[in-house]
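**Q** Given next are the chains, with one letter for each unit.
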Amino acid sequence: MNNQISLTVNGIQHTLEAKPNETLSGLLRERLRLTGTKIGCEEAECGACTILVDGEPVVSCIYPAERADGKSITTIEGLAQRVHKEMKLHPLQEAFVEHGAVQCGFCIPGQIMTAYALLQRNPDPDSADIRFALKDTLCRCAGYPSIENAIIAAAQSLRTGEPVQKPSHIPDSIHDHKTVGHSHLRPEAVEKVIGTAIYTDDLVFDGMLYAKARRAMIPHGFLKKLDISKAKEIPGVVAVLTAEDIPAERNHGLVIFDWPVMVGIGERVRYVGDALAIVAAETQEIAEQASALIEAEFDLQPVITNAVQALQEGVPQIHEKGNLLKHIKVRKGDMEKGFAEADVILEHTFHTPATDHAFIEPECSIGVPLSNGRMEIYVGSQIPYQDRTQVARVMGWPEERIRVVGQLMGGGFGGKEDVMGQIHVAMLANVTQRPVKLLFDRHESLLVHPKRHATQIRIKMGAKKDGCLVAMETELYGDTGAYASLGEKVMTRATTHSAGPYDIPNVRADCYAMYTNNPPAGAFRGFGVTQSAFAVESMMDKLAETLGIEPVELRRMNALRVGSITNTGQVLKESVGLTECINKVDAEMRKHNPLPFQPVVVPSPHPLSRRERGAGVRGTWCAPGALPPPTRTQVSAAAPPTSLARTWNSTKTARSRCGVPPLNSVRDWSPSCA
Amino acid sequence: MNLWQNYVRPKNLSEAMNAFATAPRPLIPIAGGTDLLLDLEQGRHSPVQTLIDVTSVAEMTALEVRGDELYIGASVPVNRIVLNPLAVHHVQALTEACNLIAGPQVRNVATLGGNVAHALPAADGTIALLALNAQAEVADITGTRRVPFKELFVGPGKSSLKHGEELLVGFHLPLSKNGQASCFKRIMRPQGVALPIINLAIWLERTNDVISQIRIAVGPGGPTPWSGTEAEKALIGKTLNNETFEIALDALLAQVGFRSSARRASADYRRHIVSGLFKDVLETAWSRAV
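Protein sequences appear in the order of chains A and B.
Quick note: to get this note's numbering, add 12 to the position in the first sequence (first position is 1).
By this note's numbering, the letter at position 84 of the second sequence is numbered 66, and the numbering carries on one by one without gaps.
Honestly, the hints are just simulated from the structure, not real lab data.
Ideal Cβ positions, reconstructed from N, Cα and C, are used throughout, including at glycine.
Fair warning: there could be bad hints in the mix.
Chain B side only, calculated, beta carbon under 10 Å to chain A, not exhaustive [to be verified]:
1) N(-16)
2) L(-15)
3) W(-14)
4) Q(-13)
5) V(-10)
6) R(-9)
7) I12
8) G14
9) L33
10) A84
11) G85
12) P86
13) Q87
14) V88
15) V91
Excised from the complex, chain B in its bound form (with noise of 0.2 Å):
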């Protein structure tokens, strides 16, 4: 098979464009690989001249506090972020999804830049990272600029991002204030190498027992990762209940765009479990914004 002639391995950002602008095309930034290579091998992914491992990028490594927000480096492994305690403290829904990608060993390499540039509508990390109101850094050779995270998303995995110019750098999120809490969670098949079916995700914060704040993400909600925002309106300024919850449910039923697929499940399954699924991630997310 040949995947790939020339791998360079920059160590920073500014050797990361240089490669960029000089090495042999086509090229790819690769971190973790564990999708992007069985693409390449077979056949789902264009044929490459060089791959760029960004895994050693030193902007793109860091996993820290900078001023009011979280840092996530977009070549952070999974798993780093699973154990961090700040992301269990600030983004705990994120650290839920990444733990649930995969498996153990693919953790240890999988990267939320990754996640986030193949560009999945039900990708676990991005669902997470959606409702956490992230923002991305993106790098050209001009320099670096921070992009709405949804902007990010054209189509199923098609990404807004410039093949061969831009990169993902990182990821800020707010940290953390009090009263606010967030949650993840998947349906997925119990056995083995499991996809979500539906995976859902949410924030929000809880002003004298009523929801100041709130945002929910759902995949697959539509072509690109889905925010659920009639059902965000229908709860805000609201206590939660069984009336709230049934009205912010049917608000989000009517809005999301579930559609049928060949191995994971129909339109019509999806639709019956997502209000377990709905109830389960706004109840858990509710009480823990105590």
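Excised from the complex, chain A in its bound form (with noise of 0.2 Å):
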């Protein structure tokens, strides 16, 4: 049944034949070569591939192409005009490029096209109406205030007519500078907002192949046996490598050379993610097919899952070095004698989960041979130079015969600095002599690349009746997963910053980094010192409570100074702006609510629910560094039929809620220097 289909896209008429499992975002990136909208998940769920279908917004990656047939499209390519020579910017495109809603750029062109049907159908819309209409247009670099600025002076300039209005929030500084002080404009902004900027899944070459990992999909286990015959019998299908086809080293890795390019018979798979072979073929739907045709045989192994479990006696050992990447320790001062001297000591084990970077942008590496031998590499990676270095290695090549060609993010986070595809496509490459593509899907993405650590913190803390402290024990578990990564560092910063930023005389830390059968755990913002200020932090909050003291006042008292000695014997000579920061912010939150940690009932029509807000405060540093301003906690409980009335509504409950943060709401507020 070729049937065909016609569509206006941007107001040009198309006529192609119909072609089995094509969505419509296929049709406009690959055949009509429309690269604006974006694939984040192919769920239906980030909102990325949103375009407009006769005027309403709709999620592309999940609608038939044929169904596109006889309808009107509009994508991001066809919101700015072509006047004479220029490119005459749409308001929304202009706003977002001015309010710098625009960082990675990846998930724009959605929000642009959800935003310009908003307008259309309500050219005045408040906030209320722009969050519910862009519920599901998702962006992971924060940027939702300055998305939000743009689209009310989009649509103000739309009404009135009038040029669209520059922020007006941008602080002055205190001398005039050239640089500083001015609203400078991202360099890339204006092709990311008109749908041209080249993320590395937008790029083809002649001849490309397409590629695929098949990957373990057990936690635990060794390979026994592995068949691609019934991959490679498919026809389309170019090569499919594993283990044996390595050509030097067989494991990369950032810091510590632990984790396998694949894993060969007879080896260890440490995780679902760890790759048994990989496919190139003619198309994607050919090489999924041929990897899902590859069988594999394991000796499964009892799993660890956690990194408690790992360090306790008898387990698996998944490294021959054992489970203990490292154990970092800090050590000041006489720990007994510190406990001794305190009035009140308190302790409490804190637990963080791994967390995903979930930027939109999926992994995409391409792997591009030259006629003089050398190995072209395009892929958006956060660290270009490390994977020229990690493709040498495995390639056995100087690095001179090697060129990452850096592209376009669609965000990052700490998550692209593994290497995910860039080797894979080099040995498909080199073997092949054609272009290869290897692009993840967000269930791979989700699987495979490293997380944030997933911690427990045990932390003891002694103190004056004053407030002062004097003495602070810490322990820490980190899940740095299958393989390091940069769990080393990760877990160090995350010990060395466990005690906070405070002069405490007494200090002792210790942390496991330990390996686990979980995703490998690397680099996310915040780098360790999230988890480990998550927990001091709420220490600290609970230390305030008890001593009837002032949150803010607290950590006044303790803060480090010129003079101070930290946790690691550094001694601070200078620059230590912990306090004026402090100061500063205390001040500007008391302006807003005096009272700023005492929580008010908001009055509520429904009976059976209780609602009190008041604020929360943190302290934390880099080293030493800077305290972000206070956060907004709501507290929302909702109490059981009378019997159980006991349990939720007593006030006292109520009001430490208010001042220590849920345990499961971990803001991921971190530090920028991190």
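Combine both chains into one complex, guided by the hints.
**A** Here it is, written out as structure tokens:
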């Protein structure tokens, strides 16, 4: 049944032969080469692929292309107008650029198209209208406030006909500098808002093949058998490689080379994402088909699921050197003496889960062999020089033979530092002598790439009645997963910062960075301090409550200052801005509310719910550093039927709830110099 | 991914039935496809050869009053239902339910046909249709017939529709009269892409300050869309006050079969929070029925 698809895209008529399995996003990106529409999830969740069909926003990644027959499509490329030789931006595009709403840019086409549709039906939306309409267009660069401001500015410009108003809230600089104190537009922001910005998956090369990795999908075991014969027989499959085909070094890594490029027969699988084989084929579909036909047999092993278990006696050791990646220690003073001097001692154990970066752009690498024997790798990577080193090691080549052409990244946040597809495409491109693209789908991205470390942190804190800290003992377990990645460095950071930015005479910290059969953990903004700051600051709030001292005052009293000696023995001779920072923030906070930590019962029409609001504050540092602004925590508790009222409705519980942030809501407000 | 080989777009029911009869099998009708395509892609649905796109079937895209009923075609995008003044007036609970499905982009293509055919016990549109006493119109090659709504569901995700033979065409709903009102609400996590932890729909008729008729639907209250019949019985002929509410709540809790879901909530938690939701929806419907 060869149907035709006749559709209008951005005012231009196209007639194409229908293809099976084609989505509208596929038609636009691959056949019409309009790559401004991005694929984030392929599950209609993230909104990155939003386009307009007959004026209405739809997600194109699950819209069958054939249904678009007879319809009028508008994509991001259709918004700007070409006026003579210049690009005249639509007010939305201009506003997004001016208001700094464009960061990595990957979600932007979806945001703009959805906003465009909103403004067509509601020319004067308020904040609630915008948030409702854009509920399912996600941004991971924390762009929502600027996106909202941009839409409001664009709406105003469209209503009044006046140019888009620039943002008014740029703080003055103290001195008149050329650069500081002025708004600077991001260099590639315009390309990002008109849809011409190129990310790796937007590139195609002549004769390009598509790759897929066959992953173990078991957490722990030894590979006994691997059968690639069925995969090789499929027409259109050009190469299937296994660990036997690795030219030189078998492992890669950022600090420790413990991560196999592929797991071979008799070797150990340490997490579900370990690659067993890689396939290159003429189309993505064929590559996936072939990969699914690769059969593997394992000798399953008991699974290490968390860092504490990993340290126990008698559990399987998943690396030759054992499960302990590193034991990190901090020692200062005399703990026994310190705790003996304390008037109050508090102890608590905290847990933080692993989190995924969830950058909207899934990982993509392209390997292109050059006729002179060199290899180009196109990839959106945070550390292209390291990529080159790692590829060279595995290929057994001098580094000069490889050129990494860094592409725009649709978000990284630490998650695009480890090698993901770079080595695999280099190997496949080298064997086939054709360009090879490896694109992760969202599931693969979630399974495979390193996460933020899950931790268990026990803190024992001793203080005098007046709030002065005298002793702090911390014990951390970090789950670095199957491979080290940057686990050593992350957990070292977590450990050295685990006593907070405070001047404490006696400090002891022990951290066990452990291998487990979870996905590897590595860099993610915060880099270990997110976890340990959460723990220590929660304890500080608890201490403040116990001693009846104001939370900000408790921090001020203990803050590191010039002359302090840190927990790692560094003498701070100059430039310690913490107290000044605390004072400035405190003053600003109290302008709006003189009693920010007093929970206020919000009247609720509903007899069965109780809401309170109050503020939380944390001190954080980056050897030494800044205090982030206090956050509003809203506590909403629905009381169950009266028989259980006792356990819920005590005011004391509610009050302490406002002081101590809920344990399962870790905000990612990492210090900027992490 | 091999999701489909053939794509057919019938313009009316007769063409649709013809496609059912002649297209390469296995085949399945697709409307918005926002659940179906993901199920196919991720292996939760067995592979198909043909997708029969029913979004252009004339009988399935109508939304209009027919006699003393409101007819909503199974292929009407739920956003259209939300915005339609007839729907807002006559089947308010349904518009409230539709407005909570997924997100704005998905609502521009998602349909009640898909919602009901997927047969999930907490599907928002389904729960509202249940409380509103919808009747389904089902087509096969012999013609069309009415099916009582409850008969469409066999188990979680299992529709009684004969695969590859029967097609959901639309829903018939009674028009709203004076003294009648409905309401739908959900408990869900506030952020991002949220599925219901519990949803609840009530339709009632208020005569002389007493509940003369009432239908209560709760999702997920069991393996299929669930009616709180005991709670309904407890409220018939009563006025609404704290006492009658408590009795009705007890009856509901005694009958409902909450289960613990790994991703959404435990049965215990659901038992705790349903009371607040029940009171909310009941009070709202009651005050709307004045």
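**Q** So, against the hints stated earlier in the document, which numbers end up violated here?
**A** Hint check: nothing fails, all pass.
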